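*Asks:* The chain contents come next:
4 protein chains.
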Amino acid sequence: MEEMLQKILDQNRYWIKYGEVPSYIPALAKANPEDLGVSVVNMKGQIVTIGDCSTKFTMQSISKPLALMQAIMDSGPVEVFRKVGMEPTGDPFNSIIKLETLKPSKPLNPMINAGAITTSSLINGSNSTERIERLLELVRTLAGNNEIGINEEIYHSEKETADRNRALGYFMRDIGVLEGNVEDILDTYFRQCAIEVSCSDIANIAVGLANKGNTLDGQEVVPADIVRISNTFMVTCGMYNASGEFAIKAGLPAKSGVSGGIMALAPQKIGIGVYSPALDQRGNSIAGIHILEDLSAWLDLSIF
Amino acid sequence: MEEMLQKILDQNRYWIKYGEVPSYIPALAKANPEDLGVSVVNMKGQIVTIGDCSTKFTMQSISKPLALMQAIMDSGPVEVFRKVGMEPTGDPFNSIIKLETLKPSKPLNPMINAGAITTSSLINGSNSTERIERLLELVRTLAGNNEIGINEEIYHSEKETADRNRALGYFMRDIGVLEGNVEDILDTYFRQCAIEVSCSDIANIAVGLANKGNTLDGQEVVPADIVRISNTFMVTCGMYNASGEFAIKAGLPAKSGVSGGIMALAPQKIGIGVYSPALDQRGNSIAGIHILEDLSAWLDLSIF
Amino acid sequence: MEEMLQKILDQNRYWIKYGEVPSYIPALAKANPEDLGVSVVNMKGQIVTIGDCSTKFTMQSISKPLALMQAIMDSGPVEVFRKVGMEPTGDPFNSIIKLETLKPSKPLNPMINAGAITTSSLINGSNSTERIERLLELVRTLAGNNEIGINEEIYHSEKETADRNRALGYFMRDIGVLEGNVEDILDTYFRQCAIEVSCSDIANIAVGLANKGNTLDGQEVVPADIVRISNTFMVTCGMYNASGEFAIKAGLPAKSGVSGGIMALAPQKIGIGVYSPALDQRGNSIAGIHILEDLSAWLDLSIF
Amino acid sequence: MEEMLQKILDQNRYWIKYGEVPSYIPALAKANPEDLGVSVVNMKGQIVTIGDCSTKFTMQSISKPLALMQAIMDSGPVEVFRKVGMEPTGDPFNSIIKLETLKPSKPLNPMINAGAITTSSLINGSNSTERIERLLELVRTLAGNNEIGINEEIYHSEKETADRNRALGYFMRDIGVLEGNVEDILDTYFRQCAIEVSCSDIANIAVGLANKGNTLDGQEVVPADIVRISNTFMVTCGMYNASGEFAIKAGLPAKSGVSGGIMALAPQKIGIGVYSPALDQRGNSIAGIHILEDLSAWLDLSIF
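Sequences listed follow chains A, B, C and D, in order.
Numbering of the first sequence is given in our numbering, commencing with residue 980 and proceeding in unit increments.
Numbering of the second sequence is given in our numbering, commencing with residue 980 and proceeding in unit increments.
Numbering of the third sequence is given in our numbering, commencing with residue 980 and proceeding in unit increments.
Numbering of the fourth sequence is given in our numbering, commencing with residue 980 and proceeding in unit increments.
Since the hints were made in silico from the structure, they are not lab data.
Bear in mind that the values here come from a model prediction, so they are computed numbers and not experimental data.
Errors might be hidden in some of the hints.
A pair counts as met if it fits within one copy or between any two copies, since identical chains are not told apart.
Calculated pairs, EDC-like style, for lysine to aspartate or glutamate (alpha carbon to alpha carbon, straight line, at most 16 Å) [stated by the list, open to error]:
id : residue 1 : residue 2
1  : K1085     : E1224
2  : K1191     : D1279
3  : K1228     : D1204
4  : K1009     : E1131
5  : K1138     : D1163
6  : K1138     : E982
7  : K986      : E1272
8  : K1085     : E1158
Go ahead and model the full structure; you've got the sequences and the hints to work with.
*Replies:* Structure follows, in structure tokens:
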């Protein structure tokens, strides 16, 4: 395993030069484009790590499936899907158009920004701090790492440059999808994006999802049917508007973030964390995607 | 004149029952749908008023051409049209779609909300209070009425329910059209919408525009070429997405507001103010539009 | 199995009254809304049929994954995906908008009409007749039924009322996605939609796909990697703009048609054909969808 | 006049190099980008011609207001505006999006392609030949030139490359805006685009419109109220999605064509024809627009 994984990683380092570290959030722009790491955990808890697996990065959109699961646990699927749809979209993750053109309107799914902001608002808590604590607890438990916290610098950088998300937030309050204090709701979202993890944390979380929401020693963290919902969204909408292509080429539930991380899993088999901050045009880690495709082909992991 | 105007008003009172007072801004919803008034001022300053011409109402979108003229006087046409376009649009006045689909993007024109928020930001002043003072000064001078002020209740009501405009504001800062404090910029816009006038005030302002920006005793308030720009926008975009139809049927520069007022003018001939708060589906005073069409036909006022 | 299937069918007959037989293609409107049938075939070739399983209906969009597989076998994946995308869309199946807004443009995926018309054009053959013969051959082989043919009345009815598809066709030739005679290309599409089958034919085709493209006696009809592509599209885009919801609720590769049929499969397990012509608002068989959800839950078939 | 006109023309020849002769219709691509001519006719019928005023070119979109007037004369305004709207649009002239997004749908105005195809279908006649004869008669009478005919080469070139217009046509039959044979309706449109004129013909037609639809010797060709409708559309929508800017800068009813001609008029004053085939990005003659702006400024022609 280790040897093959090293080979896959070496072969795909090549892609880094075709990607770019995003500059729109100043604190993200400091990432080293050469960083590259992959962690794989099997159902026995055995972990293989290759490359920069202890480098810390922020979850960004990888937090979306986790916030979704917490929101369903807290508010129930009926309430969550009354406010957020279940359909993939051909539009970019930060698009506002469909909120205006669809009548009645709600965000198409919980993996685009509008939908993710809404699901964050459905986590129990009377304010941002309470909601983010619940989510952090979930992340820490699944990762088996109580040290996981929020990168304050990136959280603040994010908050200051988040006008597009603010536009989504106020638009959604206007159409009745969001209620309450928009800035406070957005604050939860900005903080969840800034949760700081390593590749290995991600792989540990992923293997919990591969294990139907249970830790490997059998403790239920998230009910299996809620994990299944989350896994489905990761397949249909997890890689922004390249999700369809990734489903065909790799066939794995996966969620990427603009920090360059990707969380992926093969149900009942393995959990995977990849980190490589150079992104392609759709906002996915360019080397990361190719590594996952090769890994899926090599181990025949596609669910299709 | 008086007799004919009374007849036109009586004939069109009929339309009121097909319109509706808007309910989305609570304070606006209190208007009496039966109110109906029209004021006409000729170039000699003679005024004819029929019906409820002293009832106060807020300018709402009628403030847009005035804010545009003040912005051009303060920032110059080059800067204003670098940030706001000149083209009519088939989209509703509060639409956000084109801001996302056009690349590079800016609001299509200064008569839709996005464009109006932007022009307000280009009035000189280091904050909302300074900007609104300049605009109020312009309105008072043109109307010849120093008592004109802001309806604080409606301003606050507007501010609290303005999530769509907030979405436009933050989206525009995201794409670089707006700079600075969005809430402060929006504040100018909310206050200009809440400037309180009567039909007769509107007619007096309109006759100043009909007189190329000069008061009737010859004092230049706005340069003639800036008035011409504003009049042109009033024709191509003044009546929301019913502007084209109004140009064909009435052929007058006109600007409506959701409070039920319409300011219209026939260049070098007359200024007109109409007030009737029951609106049609596009947001124009339903009786007001028909009164202006009849008045234009009767006096052969169309500029086409 | 038979008993449980009968029970599921009986329970879901209830939904029929909430659906409607579509009227836009006159010949389709003649279907009996009360018809309801389901066939299930396991990997040993054992078939269970309940209800109206010998009633003939036209494949309509169920033909799309079959045409896609034939096109990939004939033109290769590179050429096919140069002209058709891989991404799900939140837009309706007959939408033309994205063809204009995306630059460079191509249909988002092969399961919407624009994409399906394009894939049909990539089946080998110098004209519609040659292309449709190849596709019929594939359908007959997978279904093990050489009698399968085209319903000429529905084909002609379809052709006469297909202005929206014609618009898609000419638009795509304008942007360079289609080449050659548009009417001839459309003719292939109209004929493939009019291929006439029964529930049991559909179930037999589906079990071939569940068996990685091989007949149950081991003959390869479609290479396994091409079947996997098709299955993936059936999950991400197979149920029009309700695909995401169906993935969450049933978790099966499935493709519906406006005639009321649905083809579904559980890889390595079973093939399913359902027929019930009353449709929901997105164009899917309303009872059919609920039957598949119950069947998936009962047999724990979800791939997620 | 002659001297000033020569000067304006000389000054603006400069712009030609920033424009481009369009290549999408092969026969149009043969035009000489250096050609430049302007004709002005006053209400006494006195004509001034400068530059290439006898060069023939095809009317293209300049035919749209003429077809509109003929359609209103033949079918009445109620029927015409039941099928075509009155509103300007920020979308390009060949856009199909709004036909799908607006419900109920019809082309936004008669100056975009969708609307023009529809108005052509409302000219009396049982087929394309009869309809085009009526339109040619109108053009010849207004121009006072019985030799005006159709450029068959361009008509055929146009017809062969008109897939976008075909898409518009079939889409509109699908939504019930067009009835009957789409190819025959489009044929009228392709032929009207290929009507061949010179600058001077255009100026003569324009002065008839400036004279409220009467020839200069007083014969009524088009009723005055129908001319007014056409003039209004020329202001609000005549210059594609640069109409708003042209209204502000020149303030004249004007209609451009992709062959490089522009027809403009100052009501009760003059008719103008300009020809210069190098176009700007919106499809308007780049030197032509600047000549009209200078001419309007010099003679103070703006209607605003």
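*Asks:* Now look at each hint and say whether the structure bears it out.
*Replies:* Each hint, compared with the structure:
Proximity of K1085 and E1224 under a CA criterion of 16 Å is satisfied inter-copy only: 14 Å between copies versus 25 Å inside one chain copy. Taking the shortest alpha-carbon separations for K1191 and D1279, only the inter-copy value of 14 Å comes in at or below 16 Å, while the best intra-copy value is 20 Å. For the homomeric pair K1228 and D1204, the shortest alpha-carbon distance between copies (10 Å) is at most 16 Å, but the shortest distance inside one copy (26 Å) is not. When the C-alpha separation of K1009 and E1131 is checked against a cutoff of 16 Å, the pair qualifies only within one copy, where the shortest distance is 15 Å, while the shortest distance between copies is 47 Å.
For the identical chains of this complex, K1138 and D1163 are intra-copy neighbours only, at 11 Å inside a copy versus 18 Å across copies, given an alpha-carbon limit of 16 Å. Taking CA atoms no more than 16 Å apart as the test, K1138 paired with E982 passes in neither setting, with 42 Å inside one copy and 58 Å between copies. Proximity of K986 to E1272 under the C-alpha cut-off of 16 Å is restricted to the intra-copy arrangement: shortest distance 14 Å within a copy versus 42 Å between copies. In this assembly of identical chains, K1085 and E1158 lie within 16 Å of each other by CA distance solely inside one copy; the values are 13 Å within and 29 Å between copies.
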